[in-house]
Amino acid sequence: MAQPLLEVRDLKKYFPIRRGVFQRTVGHVRAVDGISFTVAQGETLGVVGESGCGKSTMGRTILRLLEPTAGEATFDGADLFKMSKSQMRAMRRQLQMVFQDPYASLNPRFTVMETLSAPLKIHGLYPSPKERERRVHEMLERVGLSPEHARRYPHEFSGGQRQRIGIARALMVEPRLIVLDEPVAALDVSVQSQVLNLLKDLQNEYGYSYIFVAHDLSVVRYISHRILVLYLGQMMEWAETDDLFAHPLHPYTQALLSAVPVPDPDQKRERIILQGDLPSPANPPKGCPFHTRCPVAMPVCSEQRPTWSEVRPGHFVACHLHGGPSTEGGAS
Amino acid sequence: MYAYIIRRLGSAVVVLFGISVVSFLLIYAIPADPARLIVGPKAPPSVVEGMRHQLGLDQPLPLQYIHYIWRLLHGDLGVSYSFNLPVLTMIGQRLWPTVELALGCWIAELIIGIPLGIYTARRARRMSDFILSALALIGISLPVFWLGLLLLYWFAFRVPIFPLGGFGGLRYLVLPSLTYGITGAAYYMRLLKSSMLEVMEQDYVRTARAKGAGESRVTWRHVVRNALIPVVTFGGIDFSYLLTGVILIESTFNWNGLGTLAYTAIQNIDIPVIMGTVLLVAVAVVVFNLIVDILYAVIDPRIRYS
Amino acid sequence: MESLHPQPVPVSMPAREASRPSLSRRLWRSVRTYPMLYVGGLIVLLLVIAAVFAPVLAPHNPDTQFQDIGLNAEGTPVGPNATFPFGTDSVGRDVLSRLLYGARVSLIVGIVSTLINLLLGVVIGLISGYFGGWVDNVLMRITDVILAFPVLLLSMALVAVVGPSLWTVLWVIGVVGWGTMARVVRGQVLALKEFEYVQAERALGASHGRIMFRVILPNLMGPVIVLSTLNVGANILTEAGLSFLGIGIQPPTPSWGNMIQEGIQTYTFAPWTMWFPGLALVLAVLGFNLLGDGLRDILDPHSATRR
Ligand SMILES: Nc1ncnc2c1ncn2[C@@H]1O[C@H](COP(=O)(O)OP(=O)(O)O)[C@@H](O)[C@H]1O
Ligand SMILES: [Mg+2]
Numbered sequence: 000m001a002q003p004l005l006e007v008r009d010l011k012k013y014f015p016i017r018r019g020v021f022q023r024t025v026g027h028v029r030a031v032d033g034i035s036f037t038v039a040q041g042e043t044l045g046v047v048g049e050s051g052c053g054k055s056t057m058g059r060t061i062l063r064l065l066e067p068t069a070g071e072a073t074f075d076g077a078d079l080f081k082m083s084k085s086q087m088r089a090m091r092r093q094l095q096m097v098f099q100d101p102y103a104s105l106n107p108r109f110t111v112m113e114t115l116s117a118p119l120k121i122h123g124l125y126p127s128p129k130e131r132e133r134r135v136h137e138m139l140e141r142v143g144l145s146p147e148h149a150r151r152y153p154h155e156f157s158g159g160q161r162q163r164i165g166i167a168r169a170l171m172v173e174p175r176l177i178v179l180d181e182p183v184a185a186l187d188v189s190v191q192s193q194v195l196n197l198l199k200d201l202q203n204e205y206g207y208s209y210i211f212v213a214h215d216l217s218v219v220r221y222i223s224h225r226i227l228v229l230y231l232g233q234m235m236e237w238a239e240t241d242d243l244f245a246h247p248l249h250p251y252t253q254a255l256l257s258a259v260p261v262p263d264p265d266q267k268r269e270r271i272i273l274q275g276d277l278p279s280p281a282n283p284p285k286g287c288p289f290h291t292r293c294p295v296a297m298p299v300c301s302e303q304r305p306t307w308s309e310v311r312p313g314h315f316v317a318c319h320l321h322g323g324p325s326t327e328g329g330a331s
Numbered sequence: 000m001y002a003y004i005i006r007r008l009g010s011a012v013v014v015l016f017g018i019s020v021v022s023f024l025l026i027y028a029i030p031a032d033p034a035r036l037i038v039g040p041k042a043p044p045s046v047v048e049g050m051r052h053q054l055g056l057d058q059p060l061p062l063q064y065i066h067y068i069w070r071l072l073h074g075d076l077g078v079s080y081s082f083n084l085p086v087l088t089m090i091g092q093r094l095w096p097t098v099e100l101a102l103g104c105w106i107a108e109l110i111i112g113i114p115l116g117i118y119t120a121r122r123a124r125r126m127s128d129f130i131l132s133a134l135a136l137i138g139i140s141l142p143v144f145w146l147g148l149l150l151l152y153w154f155a156f157r158v159p160i161f162p163l164g165g166f167g168g169l170r171y172l173v174l175p176s177l178t179y180g181i182t183g184a185a186y187y188m189r190l191l192k193s194s195m196l197e198v199m200e201q202d203y204v205r206t207a208r209a210k211g212a213g214e215s216r217v218t219w220r221h222v223v224r225n226a227l228i229p230v231v232t233f234g235g236i237d238f239s240y241l242l243t244g245v246i247l248i249e250s251t252f253n254w255n256g257l258g259t260l261a262y263t264a265i266q267n268i269d270i271p272v273i274m275g276t277v278l279l280v281a282v283a284v285v286v287f288n289l290i291v292d293i294l295y296a297v298i299d300p301r302i303r304y305s
Numbered sequence: 000m001e002s003l004h005p006q007p008v009p010v011s012m013p014a015r016e017a018s019r020p021s022l023s024r025r026l027w028r029s030v031r032t033y034p035m036l037y038v039g040g041l042i043v044l045l046l047v048i049a050a051v052f053a054p055v056l057a058p059h060n061p062d063t064q065f066q067d068i069g070l071n072a073e074g075t076p077v078g079p080n081a082t083f084p085f086g087t088d089s090v091g092r093d094v095l096s097r098l099l100y101g102a103r104v105s106l107i108v109g110i111v112s113t114l115i116n117l118l119l120g121v122v123i124g125l126i127s128g129y130f131g132g133w134v135d136n137v138l139m140r141i142t143d144v145i146l147a148f149p150v151l152l153l154s155m156a157l158v159a160v161v162g163p164s165l166w167t168v169l170w171v172i173g174v175v176g177w178g179t180m181a182r183v184v185r186g187q188v189l190a191l192k193e194f195e196y197v198q199a200e201r202a203l204g205a206s207h208g209r210i211m212f213r214v215i216l217p218n219l220m221g222p223v224i225v226l227s228t229l230n231v232g233a234n235i236l237t238e239a240g241l242s243f244l245g246i247g248i249q250p251p252t253p254s255w256g257n258m259i260q261e262g263i264q265t266y267t268f269a270p271w272t273m274w275f276p277g278l279a280l281v282l283a284v285l286g287f288n289l290l291g292d293g294l295r296d297i298l299d300p301h302s303a304t305r306r
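Protein chains in written order, with numbering that gives the first Met the number 0: chain W, 0 to 331; chain E, 0 to 305; chain R, 0 to 306.
Read the hints as simulated data drawn from the structure, not as lab findings. All of these numbers come straight from a predicted model, not from anything done at the bench. Don't be surprised by glycine CBs; every beta carbon is placed ideally from N, CA and C. A few of these clues could be false.
[Claimed, not checked] Which bits of chain E does chain R cover? Going by a derived footprint, with three or more residues having C-beta under 8 Å, they are:
| id | stretch |
| --- | --- |
| 1 | 43-57 |
| 2 | 131-139 |
| 3 | 175-184 |
| 4 | 240-253 |
[Claimed, not checked] Simulated pairs of lysine-lysine, BS3-like, Cα-Cα distance not exceeding 25 Å:
| id | chain 1 | residue 1 | chain 2 | residue 2 |
| --- | --- | --- | --- | --- |
| 5 | W | K199 | W | K84 |
| 6 | R | K192 | W | K120 |
| 7 | R | K192 | W | K11 |
| 8 | R | K192 | W | K84 |
| 9 | W | K285 | W | K11 |
| 10 | W | K84 | W | K120 |
| 11 | W | K11 | W | K120 |
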């Protein structure tokens with residue numbers, strides 16, 4: 000593959016837990032604990048995991064809405080984490096974000112026109128108000144709304160329409176990479192597919208790259224080229240979408256997949272119900288983080304963290320069942 | 000919880016330091032020259048210079064501040080310009096009357112406010128609640144000094160039940176306390192009402208009611224006890240308002256306390272006395288709030304302090 | 000969370016257009032829903048009219064001492080009559096005219112000092128809440144310090160050293176009384192800054208200035224307006240207290256506070272000299288309190304502004 004657009008290496012984001020008189024740090028919430036992946040130009044990377052596993056934190060840290068604890072993120076050859084705040088601010092033209100809750104992500108006091116022209120003003124694009132207006136109208140049409148909507152306030156729109164506005168806001172500056180943090184999770188199922196279609200069409204036409212975050216596999220399947228499965232801030236599996244669905248290797252992925260409704264009733268899959276609660280990221284289990292709930296856990300799983308290995312071309316997994324030859328004491 | 004209490008103490012110390020800086024700056028950074036004020040307008044410049052030196056006013060400001068703090072920590076608040084007495088002594092003489100008045104005012108506030116709060120909560124949304132709430136708003140809007148004069152007019156002048164002002168036994172305390180009680184009770188009434196309405200919605204109260212406990216038993220055993228917690232904390236916030244009220248009431252009723260002391264000092268531009276009183280009151284507010292916060296942490300350990 | 004920030008007041012919901020009741024009925028319904036708002040608003044409006052049109056409305060010059068018709072044979076004030084509707088004071092001046100001019104002092108001091116409170120409180124609270132960390136710590140300790148001094152007492156001390164005048168009183172109350180505003184604003188900012196639309200601005204690359212003043216500030220307006228309205232009432236009372244103690248507005252300029260002070264000498268035989276200025280004061284403060292409480296129901300239903 001050619002030079003990827005974004006390359007993330009060993010990203011970590013720990014939130015300190017403070018206690019006591021002097022608010023000493025007594026521990027960390029390991030929200031993101033060593034994540035590496037790449038996203039190519041025009042690619043969609045789906046990121047999946049239960050809620051609380053660090054997906055939002057990952058997206059926000061890459062965009063430097065949160066400061067990273069460790070790791071690197073190279074965007075188009077430039078190291079995002081070494082940039083000064085003002086360099087980063089300029090960089091935001093190319094890296095945008097769409098938020099989960101379309102009710103909370105639009106300022107209730109701004110008209111759609113104000114919301115959508117803000118990015119242009121912030122980055123000094125289209126200095127004349129007339130042109131900005133024209134751009135906003137164009138963008139509204141591009142996301143399936145009409146120019147008349149520009150004068151309205153967010154509370155006059157449905158959830159789906161609001162999310163289109165949120166998408167339009169991200170697109171105003173013609174970014175190259177967009178982090179979509181569960182953009183359809185708050186929408187009705189019927190509206191979800193419309194928004195997904197819109198995102199897909201926009202990508203086909205303009206070549207955006209997406210990092211698409213979701214908490215269930217069925218949503219990402221449709222839109223993603225590759226899928227990254229996270230658990231407690233760590234990577235479990237990363238593969239091409241079709242490959243992942245056809246040959247899920249990690250027991251956690253299998254469990255997630257078993258919850259996805261199957262279109263073909265003959266091809267029945269047994270539903271795997273995960274036992275126990277999600278452990279706390281402040282105190283993750285030793286060894287493989289998933290071993291406490293894994294239906295096929297082995298003694299080694301509670302001892303050693305499995306290595307991240309490419310078991311097939313382009314298919315990575317962190318599991319003792321599929322440990323490469325280098326893993327000592329692997330599956331047998 | 001201990002960590003919270005210790006941090007709370009720490010921030011109180013920082014605030015006390017800030018208070019000392021403010022009162023220091025007020026004394027020394029004012030346009031009027033204290034030395035000139037002491038020696039009088041007709042004294043020759045050499046005498047003024049001598050006084051400046053004696054007061055340490057010719058030293059750099061930070062050094063003066065260190066001297067000031069040093070003296071404060073030894074209980075030396077300076078000497079009154081007009082009476083040539085130590086400020087601390089003067090304050091000491093006036094402290095008890097003010098404490099007595101403040102206690103009287105506070106008790107009056109509670110005696111009026113708490114029963115009305117309970118009553119309006121139990122009659123919420125009825126006519127009597129509406130009327131009492133309207134009266135409460137008027138009570139909040141009353142200037143204490145004016146209400147004091149009205150009460151004096153009716154209950155000391157027209158119908159001479161109580162003395163026409165002055166400091167003395169319990170009889171002297173009634174009208175001033177009532178004055179403040181009427182204006183301040185409304186806060187307790189509203190606070191208790193809303194906190195009772197909140198508690199009444201809670202599960203354990205509903206359970207008690209469902210189990211057939213009598214209405215007044217529910218009110219007393221469960222609701223009032225829990226609803227009083229925010230009322231206790233409000234006591235801390237109220238303290239500063241209470242002192243403001245006391246200053247004005249003292250002047251209306253000729254009550255020989257700290258308020259009158261500050262007032263006379265202001266008439267004479269007796270700066271050490273003014274600042275001594277201001278400092279004392281601010282310190283009292285900080286200490287009082289500290290105590291209330293700590294008590295609150297002890298009473299209600301459910302709250303997480305971060 | 001959604002309703003924590005006020006929605007634009009839905010005065011014109013297009014869906015209801017067809018079956019809209021008549022204007023007077025809608026007004027009546029609105030008055031019944033928000034009685035405090037309308038009563039308070041009416042009182043404040045009357046107060047503003049009294050202050051603005053004092054020269055027109057006042058039957059006499061407020062400073063003229065009517066030694067002849069304004070005083071009885073024994074030299075005592077005359078009671079309310081056709082010439083002096085609210086009677087005269089100890090030197091034979093018309094109480095009503097002085098009250099009307101006194102409204103000017105109360106309003107100017109109340110409003111301007113509140114604007115100063117507002118400016119200081121909003122800026123300090125906004126910076127404190129937005130930047131957090133040590134900035135927040137320092138600013139909040141300063142706020143604790145200012146809150147430790149009762150407003151009236153610190154104003155007394157400051158006026159004593161600077162010398163009393165309308166402008167001193169106004170500035171002193173303004174500079175002393177911003178603590179509560181700063182606290183309330185900070186609390187709101189802490190909540191608002193976690194909102195996704197604020198995060199969205201950061202993601203767009205907006206500057207701190209834009210986020211603080213264009214995005215967060217307008218969403219603070221509800222609590223700020225409510226608190227400021229209540230603050231006007233409180234500051235009017237502080238001014239009256241200072242003037243009552245003789246260190247506020249200086250005679251012969253009429254202020255309700257110094258009129259009550261002057262009334263002390265005469266109120267046993269001419270009670271109106273004290274009653275009317277006091278009633279004016281109660282009414283004015285009540286008006287702002289009602290208006291503030293009424294506005295709270297609309298602008299700040301979750302009550303960031305309870306004392
Ligand atoms: N600002 C924060 N401070 C402390 N912990 C946080 C913060 N934000 C998120 N977390 C914790 O990090 C973990 C991951 O959260 P998040 O990234 O929101 O998960 P997801 O988006 O996958 O649901 C959670 O345990 C959450 O409690
Ligand atoms: Mg999330």
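Problem - Given coverage of the stretch 240-253 of chain E by chain R, checked by CB-CB distance under 8 Å (3 or more) - result: holds (count 6)
Handout entry: Restraint check for R/K192 with W/K120, where alpha carbons must lie at most 25 Å apart
Key = Distance ~21 Å between R/K192 and W/K120 Cα, so the pair holds.
Problem - Distance restraint between R/K192 and W/K11, which requires alpha-carbon spacing of 25 Å or less - result: At roughly 24 Å apart (the allowed maximum being 25 Å), W/K11 and R/K192 satisfy the hint.
Problem - Coverage of the stretch 131-139 of chain E by chain R, judged on three or more residues with CB within 8 Å - result: holds (count 3)
Problem - Satisfaction of hint between W/K120 and W/K84, Cα-Cα up to 25 Å - result: Answer holds: W/K84 to W/K120 is near 18 Å, not above 25 Å.
Exercise for the section: Decide if the proposed pair is consistent with the structure: W/K199 and W/K84, CA atoms, cutoff 25 Å inclusive. Expected result: violated, 32 Å
Problem - 25 Å Cα cutoff - pair R/K192, W/K84 - result: holds, 18 Å
Exercise for the section: For the pair we were handed, W/K11 and W/K120, check the Cα-Cα distance against 25 Å. Expected result: violated, 33 Å
Exercise for the section: Starting from W/K285, check that the Cα of W/K11 is at most 25 Å away, please. Expected result: holds, 17 Å
Practice task
Examine the stretch 43-57 of chain E: at least three residues should have C-beta closer than 8 Å to a C-beta of chain R.
Solution key: With 0 residues closer than 8 Å to chain R, the stretch 43-57 of chain E misses the three-residue bar; violated.
Problem - 8 Å C-beta criterion, at least three residues: is the stretch 175-184 of chain E covered by chain R - result: violated (count 0)
Violated hints, in rising order: 1, 3, 5, 11; the structure is consistent with all others.
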